[in-house]
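**Q** Given the coordinates of chain A, assemble chain B onto it according to the supplied hints.
Protein sequences, first through last, are from chains A and B. With numbering that gives the first Met the number 0, the residue at position 148 of the first sequence is 147, and numbering never jumps. With numbering that gives the first Met the number 0, the residue at position 96 of the second sequence is 95, and numbering never jumps.
What the hints contain is simulated information worked out from the structure, not anything from laboratory work. Since no wrong hints were added, every one of them can be taken at face value.
Examples of chain A residues toward chain B, derived with CB under 10 angstroms:
| hint | residue |
| --- | --- |
| 1 | PRO173 |
| 2 | SER175 |
| 3 | LEU236 |
| 4 | GLY238 |
Beta carbons are placed, not taken as given, at the ideal position from N, Cα and C, and that holds for glycine.
Chain residues, written in single-letter form:
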Amino acid sequence: MYAFDIERPATVAEAVAALSNEDAQALGGGQTLIPTLKQRLASPEKLVSLTGVAEMKGISSAGGILTVGGGTTHDDVAADGSYKALSELAANIGDPAVRSRGTIGGSIANNDPSACYPAAALGSGATIVTNEREIAADDYFVGMFETALGEGEIITAVKFPIPEKANYQKFVQPASRFALVGVFVAKTADGVRVAVTGASNEGVHRWSAAEEALSKDFSAGALDGLTVSADDLIADLHGSAEYRAHLVSVMTKRAVAAAS
Amino acid sequence: MPKDGGIGAPTRRREDVRFLTGTGQYCDDMNMFGQTAAVFARSTVANGVIKSIDTSAAEAMPGVLAVFTGEDFVEVGGNPAGWLINSRDGTPMHEPKRPVLAHGKVRHVGDAYAAVIAETIEQAKDAVEAIEADIEELPAIVNMKDALAADHFVHDEIGTNQCFDWGWIEDNRAATDAAIKGAHHVTTLELVNNRLVPNAMEPRCSMAQYNRANDEYVLHTTSQNPHLTRLLISAFVLGIPENKLTVIAPDVGGGFGSKIYHYGEEALVLAAAKKIGRPVKWTADRTEAFLTDAHGRDHVTKIELALDKDGNFLAFRTETMANVGAYLSNFSTATPTFLHGTLMAGNYTVPNVYVNVKAVFTNTAPVDAYRGAGRPEATFSLERVIDKAAREIGMDPIELRRKNFIKPDQYPFASAAGLEYDSGNYDALMDQMEKVADMAGFEARRKASEKKGKLRGFGVNAYIEACGIAPSNLVGVLGSRVGLYDAATVRVNATGNLSVMVGAHSHGQGHETAFPQVVAEMLGIDPQSIDIVHGDTSKIPFGMGTYGSRSLAVCGSAVVRATEKIINKAKKIAAHMLEASDGDIELKDGVFSVAGTDKSVTFGEVALKAYIPHEFPLEDIEPGLEETAFYDPANFTYPSGAYCCEVEVDPDTGKVTVESMTAVDDFGNVINPMIVTGQVHGGLGQGIGQALLENTTYDENGQLLSASYMDYVMPRADDLPFYTVDHSQGNACTHNPLGVKGCGEAGAIGSPPTVVNAVIDALQSGGKNVTHIDMPMTPHRVWSAMQNA
Chain A
0 MYAFDIERPA TVAEAVAALS NEDAQALGGG QTLIPTLKQR LASPEKLVSL
50 TGVAEMKGIS SAGGILTVGG GTTHDDVAAD GSYKALSELA ANIGDPAVRS
100 RGTIGGSIAN NDPSACYPAA ALGSGATIVT NEREIAADDY FVGMFETALG
150 EGEIITAVKF PIPEKANYQK FVQPASRFAL VGVFVAKTAD GVRVAVTGAS
200 NEGVHRWSAA EEALSKDFSA GALDGLTVSA DDLIADLHGS AEYRAHLVSV
250 MTKRAVAAAS
Chain B
0 MPKDGGIGAP TRRREDVRFL TGTGQYCDDM NMFGQTAAVF ARSTVANGVI
50 KSIDTSAAEA MPGVLAVFTG EDFVEVGGNP AGWLINSRDG TPMHEPKRPV
100 LAHGKVRHVG DAYAAVIAET IEQAKDAVEA IEADIEELPA IVNMKDALAA
150 DHFVHDEIGT NQCFDWGWIE DNRAATDAAI KGAHHVTTLE LVNNRLVPNA
200 MEPRCSMAQY NRANDEYVLH TTSQNPHLTR LLISAFVLGI PENKLTVIAP
250 DVGGGFGSKI YHYGEEALVL AAAKKIGRPV KWTADRTEAF LTDAHGRDHV
300 TKIELALDKD GNFLAFRTET MANVGAYLSN FSTATPTFLH GTLMAGNYTV
350 PNVYVNVKAV FTNTAPVDAY RGAGRPEATF SLERVIDKAA REIGMDPIEL
400 RRKNFIKPDQ YPFASAAGLE YDSGNYDALM DQMEKVADMA GFEARRKASE
450 KKGKLRGFGV NAYIEACGIA PSNLVGVLGS RVGLYDAATV RVNATGNLSV
500 MVGAHSHGQG HETAFPQVVA EMLGIDPQSI DIVHGDTSKI PFGMGTYGSR
550 SLAVCGSAVV RATEKIINKA KKIAAHMLEA SDGDIELKDG VFSVAGTDKS
600 VTFGEVALKA YIPHEFPLED IEPGLEETAF YDPANFTYPS GAYCCEVEVD
650 PDTGKVTVES MTAVDDFGNV INPMIVTGQV HGGLGQGIGQ ALLENTTYDE
700 NGQLLSASYM DYVMPRADDL PFYTVDHSQG NACTHNPLGV KGCGEAGAIG
750 SPPTVVNAVI DALQSGGKNV THIDMPMTPH RVWSAMQNA
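Okay, chain A solo, but in the shape it has when bound (with noise of 0.2 angstroms):
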């Protein structure tokens, strides 16, 4: 690791005044930038803790909405419960450790293309909520470790409608047991969004197809006969374009069965 400054800064005003610095970086849970640090792959010249920001964390939930600060860590959120799916899915990211430091704007704001997260944010219809704006997670994921996001800002907070129906199913790559393929399906009165995370170079994206076919009828069966283009999917030592087109198929019709 190279030398850095750190700012412990303890409200998001303060945060934001200290990452008007050009150099500086924000650093949440510090499960993805502490590793990179520790490789001397980055060099910051300043970090900028979140985690002493009050009020970026915490979890509430009115008129449907279930608010999930940015600062609230995986665990609060598999703790919680008002939003089984997207608790359930928080239970399993990780290991203990990874749950107990790792927050939900630090994953969001990442946007590993192979983590949970962006799948239950772009699946649930989320609201990324900045110190900015407030931006349709449909507009936010841009692609792989791209958001709309700008220099210095922050997540505060991400606002989930609370569907019908949810469930999130992951298909672990077996080493770092982020998603080789997660699909989010979430049923609302508006449609069925299907957000799937590991699978594409673009990143987390919705498959529409699925989305329609369900729309019409929320069953498993519902998808026989739809496949997903191998095309520009990811292809490492852990599986083939072909073999994600095949889970992201095979991972929805679990998620739809599985849905409560």
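**A** Frame of chain A; chain B shown alone:
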């Protein structure tokens, strides 16, 4: 048996108290006054010419004390191969120099070409980044087949990428060919024994001190055999006289073979400590461990099994390419040859065996012995081709094995691959396996799995291995450059407790518990009064260390011999004290008595007398009570086993789960059944890891894609089933005093083919005509095989 545990007692491991409470002392836990840090500059390309290395900027960095390059070690020796192999045509193997630091060329990603010594690790890392190395990248030689055909070489000076082309037994070749040609049926299988990264929990660490007042060095290092490491450094590499070099391997957090070998980092810190006059420590990070620890396995094999019309085995013929990586690690040439080819008759009466092994240099990390070392490769080839043959000829796989097993009345049995098996009963192992695995209930379990939409398979395997490595005379004839005896000194202290100095090194095997059980049993005293001393060349006799499941069979035998000498001498002292003839003295429960009388002295009283020899018959007996024995075994030991497992395959995803694993082993006599069970558990975890998870992948440029735990899959608890482990069917080894055979590697040898056989069985039960899948059987591979079937 002594009250707190002699031979056969499941005593809890005393060393676990410190391991489980964080009070162990590993190399990196130790810090010396004035200590400095070494960090290595390592190649990022797999093959390249070192055009120039400019260290001037690095030397000027804050805290930097010295910078070394390969140029600094041109005059010293190379790190040698411990075993000379001759090719079929009689020519000796190619043995290119393995330097302390790369010189002229870098040959694999991670190959160290420079090192910085600085006040702190961070300063050393900063300086490494300031080294300007001009390295011209060359095309990497990665794939073994390509390497043998290539016109450019890992080592230009030898003009080939083939290290040797070995035949075993060359005189059997024609007969084997003829048997295959005339056979009723021949089953052929091409398979890969996948490369594994050892992944000891503790990365390698070496710390050197130099005292210029007496020209003495002390090296603390993560070693499985400190005396061997010292010998290599002294006699081959740096030329430091053995009497001026102490090598200490303190608590070591696992080795699995990878810490048998001497590595260049050890030589570098010694040279650096002398140059700067301060202690120098280097600790590998996990990436260095992935890139530079000697890897395991990596064979590509074609095996043929010839059978007659009744299913009798007529011949096994094997062609193997064995990857040795970029340099010859110390035992890299023995592992694919004499630890592999000699086992290619398995547990069977097969009359003809021929093995051809081509060892191949590639631009990858060196490959050497890893838990099992050659024997897992032999077992895997045999037990996979036998399973395939059973399907082809329509015979039950257990029946086919039983039909060809060596029978109990055939020992000693001269195998067609050149070994003499001393004892065993493979049918009894299979009987016990069928019983404890509840084979009768399999069909019901299969139906239950099918109800859940899963395919269930049953796989079986029989193995034999050669352990207790090894008879020096025999291995000498076969090309070993070392003897493979071991040694022990039993020191009875004046107050009656004992220190036992052993040549074996314990890095997870439980010697500190098991060896005292042996001595306590022999002397009839409390094992808690006996302590084991190991790992320090200044304290222990010259033993060869721990690998090849040898510690108890070889070093334990030396402990027995030394303890026998103690008993003989103690009886003489007791006879003097009791005014009797030493032939009349009996030892029981720690008390020496005159036969047929009530006259006795305790072991403690005899010990005290030995060191306070008043009124002592000095003309007949020396004072003191300390004896040393060296033990060189008469033969290998031959543990064997029958394993089975059941797997479930998810046909939608290809994911395999191991539902049960049964290991029935013949380890001969068992000293501590709890430790033996634990050793089998560990081996099974590694074997299942090899079968399903561990995928060491280099890309075509020689970059290690699986160089971290983000991509290299270590088995976790939830990947493994609860095991059924049984060692009730022991047949004592006939030639060592304890009758023990060794248990450290069995699980890793027996389990991989068992798992693969079970997966094939599961897929076939689902109507998929899949006959083989290479390890690791990842979900993707299993699914792909099903798509193509």
